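Below, each chain spelled out in residue letters.
Number of protein chains: 2
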Amino acid sequence: MNVIEFEPIGRRGECPEGESLLDSARRLDVDIVRLCNGVGACGRCKVQIVSGEVSPISAKEKEVLTTKEIERNFRLACLTRPLGSTKVHVPPESLTAPQRTQVEGLEIDIVPEPSFQSVCLELEPPTIEKQAADETNFLVALNRSDADAIGFDLEALRGMPALLRAENWRARAAIRNNEVIAIESASTRWCGLAVDIGTTKIAVYLVDMESGKTLASKGLMNPQISYGEDVVSRIYAASRSAEDAEKLQTLIVEALNEAIVSLCAETGVDCRSVADAVIVGNTAIHHLFLKLPVSQLGLAPYVPALRSAIDVKARDLGLETAGGAYVHLLPNIAGYVGADHVAMILGTRLAESSGVTLAIDIGTNTEICLNNRGEMASVSCASGPAFEGAHIKHGMRAAPGAIEHVRISGDQLTIQTIGGEAPAGICGSGLLDVAAQMRLNDVMDSTGKILPHPRVRIREDGMKEFVLAERPGKEDITISQKDIRELQLAKAAIRLGIRALVEEMGITETEIDEVIIAGAFGTFIDVESAITIGMLPPLPRERFRQVGNAAGTGARLALVSMTERRKAAAMVSRVRYVELATIREFNYKFAEASAMTEL
Amino acid sequence: MNVIEFEPIGRRGECPEGESLLDSARRLDVDIVRLCNGVGACGRCKVQIVSGEVSPISAKEKEVLTTKEIERNFRLACLTRPLGSTKVHVPPESLTAPQRTQVEGLEIDIVPEPSFQSVCLELEPPTIEKQAADETNFLVALNRSDADAIGFDLEALRGMPALLRAENWRARAAIRNNEVIAIESASTRWCGLAVDIGTTKIAVYLVDMESGKTLASKGLMNPQISYGEDVVSRIYAASRSAEDAEKLQTLIVEALNEAIVSLCAETGVDCRSVADAVIVGNTAIHHLFLKLPVSQLGLAPYVPALRSAIDVKARDLGLETAGGAYVHLLPNIAGYVGADHVAMILGTRLAESSGVTLAIDIGTNTEICLNNRGEMASVSCASGPAFEGAHIKHGMRAAPGAIEHVRISGDQLTIQTIGGEAPAGICGSGLLDVAAQMRLNDVMDSTGKILPHPRVRIREDGMKEFVLAERPGKEDITISQKDIRELQLAKAAIRLGIRALVEEMGITETEIDEVIIAGAFGTFIDVESAITIGMLPPLPRERFRQVGNAAGTGARLALVSMTERRKAAAMVSRVRYVELATIREFNYKFAEASAMTEL
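Residue numbers (the numbering used here), protein chains in the order written: chain C, 6 to 604; chain R, 6 to 604.
Hints are computed from structural coordinates only; laboratory data are not their basis. Among these hints, one or two may not hold up.
Here are the simulated distance ranges between beta carbons [what the hints assert, rightly or not]:
1. 12/C to 306/R: 50 to 58 Å
2. 259/C to 34/R: 39 to 47 Å
3. 587/C to 117/R: 26 to 34 Å
4. 378/R to 145/C: 27 to 35 Å
5. 359/R to 129/C: 31 to 39 Å
6. 263/C to 305/R: 42 to 50 Å
7. 145/C to 273/R: 28 to 36 Å
8. 215/C to 305/R: 33 to 41 Å
9. 247/R to 12/C: 12 to 20 Å
Here are some chain R residues the structure puts well away from chain C; computed CB gaps all over 10 Å [what the hints assert, rightly or not]:
10. 57
11. 94
12. 132
13. 321
14. 445
15. 592
Given the structure is predicted, the values throughout are model-derived calculations rather than measurements. We put the beta carbon where it would ideally sit given N, CA and C, even for glycine.
Required output: the full structure, derived from the provided sequences and hints.
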């Protein structure tokens with residue numbers, strides 16, 4: 006028996022010798038993608054060997070993996086057998102959807118440099134002869150340390166007298182910009198909260214502020230969805246009614262408070278030791294969270310109320326943290342390029358790149374940033390909700406039963422659903438796959454028109470559709486001509502965005518050294534498929550990097566380091582905003598970007 | 006007919022020629038004290054002639070008035086007849102109680118130097134080509150002015166987008182320490198709020214921050230009285246129950262919010278233009294208002310939670326002012342020498358005095374400060390509620406029907422009640438008067454023992470009492486031996502406080518150049534009476550000055566001037582706190598101070 010450990014999901018157990026990593030993963034309930042069912046054909050079960058000896062690399066793996074991947078110890082789990090106890094890292098894109106949460110992203114090691122100082126103090130108890138006020142007494146003790154403070158947060162002050170007496174006049178304080186923001190027992194370890202509020206999902210991270218390490222994380226649905234799946238409907242709701250604006254804010258706050266309680270319980274941390282927070286989201290989400298007016302975001306010229314970063318007392322927003330803690334919101338670049346984009350730039354280290362790097366965060370709204378040898382520009386494209394399953398007849402979110410991968414070979418169709426369950430619909434990555442496979446197998450031409458094929462049929466209304474799954478007694482799961490058109494609009498918007506940036510910089514797409522794909526959806530797409538239908542430029546596969554929730558990573562970086570916050574603040578003037586609506590020959594260029602073929 | 010105008014009460018009207026000012030006052034409903042009924046004997050109807058010719062000064066007036074008073078145009082209203090239209094200033098001590106409110110105090114002219122800058126801005130409307138965020142746009146406009154700001158209060162920011170669009174991109178901003186705290190229409194005139202929260206009464210002043218002038222003021226009862234008349238019972242209530250602590254805070258805030266609304270309505274000011282506030286009160290009141298814990302104030306060594314001045318967002322306390330406005334609370338000196346004492350020092354200009362000046366704020370708790378040629382010390386004495394009418398059998402507050410002045414001449418007794426109504430009880434100044442008159446007429450000896458007199462009778466329980474008013478069908482109003490003992494404790498505490506300070510400084514009482522008596526009660530006492538029973542040292546009458554609500558004046562000074570706030574902050578380390586309980590031979594000295602005679 007070998008002990009096999011799967012990271013970062015944290016599963017570990019004994020597995021028989023000779024078993025493939027893919028089978029060991031299944032044994033330990035780690036759901037690695039197995040589209041070709043373990044024959045090394047699909048190349049989707051990539052894992053990275055962290056430690057331990059494994060079987061030598063096979064010829065098939067050498068075909069599928071890039072040289073760079075092989076150098077970094079990447080292998081296909083289905084073709085690799087441990088030769089002893091082994092530690093394996095499973096990248097998020099190799100996990101099936103239910104285990105890929107929106108919280109996963111790179112962990113970047115930086116030296117913590119928090120917004121506050123942590124000081125341990127010992128006070129002299131007052132006597133009738135020496136009646137020092139608690140506050141004076143505290144400042145005197147503080148003066149003996151290397152910290153400085155001139156004022157107290159009122160909440161921190163309210164708790165101090167009881168704490169000092171209970172803790173025998175010893176305490177630990179968090180001091181931020183000369184303000185005492187929290188006072189707790191001397192043994193307290195301050196934590197922080199990093200939050201990425203997406204239109205659909207929220208990622209929450211509890212971070213140790215001393216080490217900078219993430220202690221626990223949690224993904225949850227954005228409850229604002231009850232006001233509409235896209236931000237525009239939420240903007241309208243908040244603009245029409247002050248009550249709804251209030252509700253849109255409290256919905257998020259309540260969800261965050263629940264997450265704080267649960268993360269703290271999981272890690273044995275007291276909520277009152279959460280002494281800082283960084284929250285990111287797109288501009289509309291950012292405004293709704295701060296209860297800033299949003300009506301001007303929905304009307305030309307679409308300006309934010311607030312662009313700069315802002316620090317707000319957490320309690321002013323209703324968040325349950327240390328009494329005097331602040332929440333830092335990263336800056337917005339424009340009405341549709343928000344703080345989450347700034348966080349993504351931080352989390353991908355895009356600004357530090359010296360070559361030509363493109364970073365894409367695909368969603369209902371796709372934001373793209375190009376760093377051309379130090380010169381940066383961003384664009385926002387309304388890619389629509391097709392990737393989230395909306396506006397697609399059988400579309401659905403990446404949930405169990407969703408078709409997430411598709412392969413067509415002649416008449417043969419192979420589908421993989423999330424969780425291996427009976428197909429229930431098709432999710433974003435499945436949609437991309439099916440379109441690409443239809444194109445490669447001539448079931449669709451380059452204009453996006455569906456061509457005759459044994460699986461193509463004509464509906465009663467005359468529209469063609471491609472049958473993905475026949476379900477006796479239930480409606481078949483199909484992709485119709487209309488669904489293809491929806492996808493076409495989405496992918497054209499993204500490609501046009503990329504092209505607008507490249508043109509803005511006066512370079513060509515082929516000059517791009519690296520394409521970073523961020524965000525939950527982007528992490529799980531098949532890049533080849535995206536290239537096949539012309540959504541992404543046809544660059545060598547090794548130039549693409551899928552990094553998971555980079556905005557979450559960026560939020561964590563900004564949480565633990567003031568240098569990162571300064572970088573983010575500088576981004577606002579450093580990143581040029583390109584307004585897609587004002588580019589020349591928009592319609593012509595959009596049509597050009599719509600072609601369903603490598604572009 | 007002459008036009009006679011009475012200040013500051015603001016009454017004006019035609020009066021027949023030859024009529025005394027006292028009669029004209031009655032005609033115009035200005036209630037000036039008339040203890041001797043207008044024969045120039047009691048000297049209580051002093052007024053100051055501001056402008057206009059009046060009858061020459063009489064011999065009687067020359068007897069009653071000091072040289073200094075005569076120089077400053079003081080006259081007795083009963084003996085002065087206008088020779089034409091005249092403007093008269095009525096000092097508060099010459100008014101009967103219902104017209105003396107706790108808001109009256111000196112107006113000190115200083116150059117306004119507010120905590121914030123007021124800037125008028127004109128912004129450039131954004132376009133699709135120039136999509137400036139409102140905040141960025143605002144900061145750009147601000148940059149063109151001479152003001153600096155780096156951040157926005159969230160509330161101020163929330164209102165900005167709508168305001169800018171409604172006001173055609175023009176606005177006025179209040180900027181405090183680089184923070185934009187309020188944004189209103191360009192025509193806004195910023196106001197401020199000065200509040201003195203007494204144990205019993207609250208004085209609220211609405212001040213124009215540009216001119217520093219008081220626009221309107223209002224006196225109200227402190228609703229915390231439902232938790233007890235003295236602060237100790239409120240401290241216990243708040244210590245026992247978090248709910249009561251909450252309630253004690255909201256009671257005050259609700260009362261203040263009502264006062265704000267009413268003062269704003271009276272002056273046509275919008276509550277949102279109230280951009281600053283200064284609030285003072287004793288240490289317990291200060292803590293209750295901030296919802297700081299108070300239990301440690303009630304237990305030795307009686308230390309405050311907070312001594313330094315603090316600035317708190319008004320909304321954090323529930324006050325309805327401009328969204329981002331702060332409330333400044335002056336510092337406390339000790340557990341029983343609070344921010345109201347600091348304000349009194351400001352309002353009396355005590356710290357600026359170069360000689361030896363004593364300032365006394367008489368109340369349930371009496372705080373005294375001595376400035377000995379620049380060296381300052383304060384003491385707090387538990388003088389008890391006798392002056393407020395409590396613990397005195399027929400005691401009552403200074404309300405209509407209260408006996409406020411008494412004269413005994415042989416068997417003859419003259420009393421004056423507030424409002425001239427049938428006697429209902431005796432208030433603090435009446436109590437002082439009756440004791441002094443009893444002493445002067447040998448109805449009481451120097452130990453405070455009541456002696457035989459036609460008006461002295463022995464009760465069934467053997468206790469002696471002096472009859473002040475016989476009321477057919479009702480209990481007579483009397484002063485008993487026990488009442489005298491209560492008064493004796495109160496006055497001994499005050500005198501001991503004065504002596505402790507004088508001793509602390511190594512000087513004698515005769516060296517005191519000036520005694521300033523502050524506070525509503527102190528303003529209306531007969532200083533002669535207080536000297537007669539040994540409450541105040543027997544200094545020449547002209548060394549005494551009764552100034553009304555000096556704490557309110559101090560709060561107003563601190564509201565409009567940062568220099569005054571700095572002075573107040575310096576006071577905390579400049580004023581030495583003398584703990585009465587720790588002075589040597591306390592009991593002996595207390596007994597000595599109890600003697601009911603000039604001391």
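Evaluation of the provided hints:
1. 12/C to 306/R: 50 to 58 Å: holds (57 Å)
2. 259/C to 34/R: 39 to 47 Å: Taking Cβ atoms as reference, residue 259/C and residue 34/R lie about 59 Å apart, which means the hint is violated.
3. 587/C to 117/R: 26 to 34 Å: For residue 117/R against residue 587/C, whose Cβ atoms are near 49 Å apart, the range 26 to 34 Å is violated.
4. 378/R to 145/C: 27 to 35 Å: holds (29 Å)
5. 359/R to 129/C: 31 to 39 Å: Between residue 359/R and residue 129/C, where Cβ atoms are some 37 Å apart, the hint holds.
6. 263/C to 305/R: 42 to 50 Å: holds (44 Å)
7. 145/C to 273/R: 28 to 36 Å: violated (48 Å)
8. 215/C to 305/R: 33 to 41 Å: holds (39 Å)
9. 247/R to 12/C: 12 to 20 Å: Between residue 247/R and residue 12/C, where Cβ atoms are some 47 Å apart, the hint is violated.
10. 57: Given a closest Cβ separation of 53 Å, the condition holds.
11. 94: It holds; residue 94/R is separated from chain C by about 41 Å at its closest Cβ, greater than 10 Å.
12. 132: At roughly 5 Å from the nearest Cβ of chain C, residue 132/R sits no farther out than 10 Å, so the non-interface label is violated.
13. 321: Its Cβ does come within 10 Å of chain C, the nearest being 6 Å, so this is violated.
14. 445: Correct as stated: the minimum Cβ-Cβ distance to chain C is 41 Å, above 10 Å.
15. 592: holds (17 Å)
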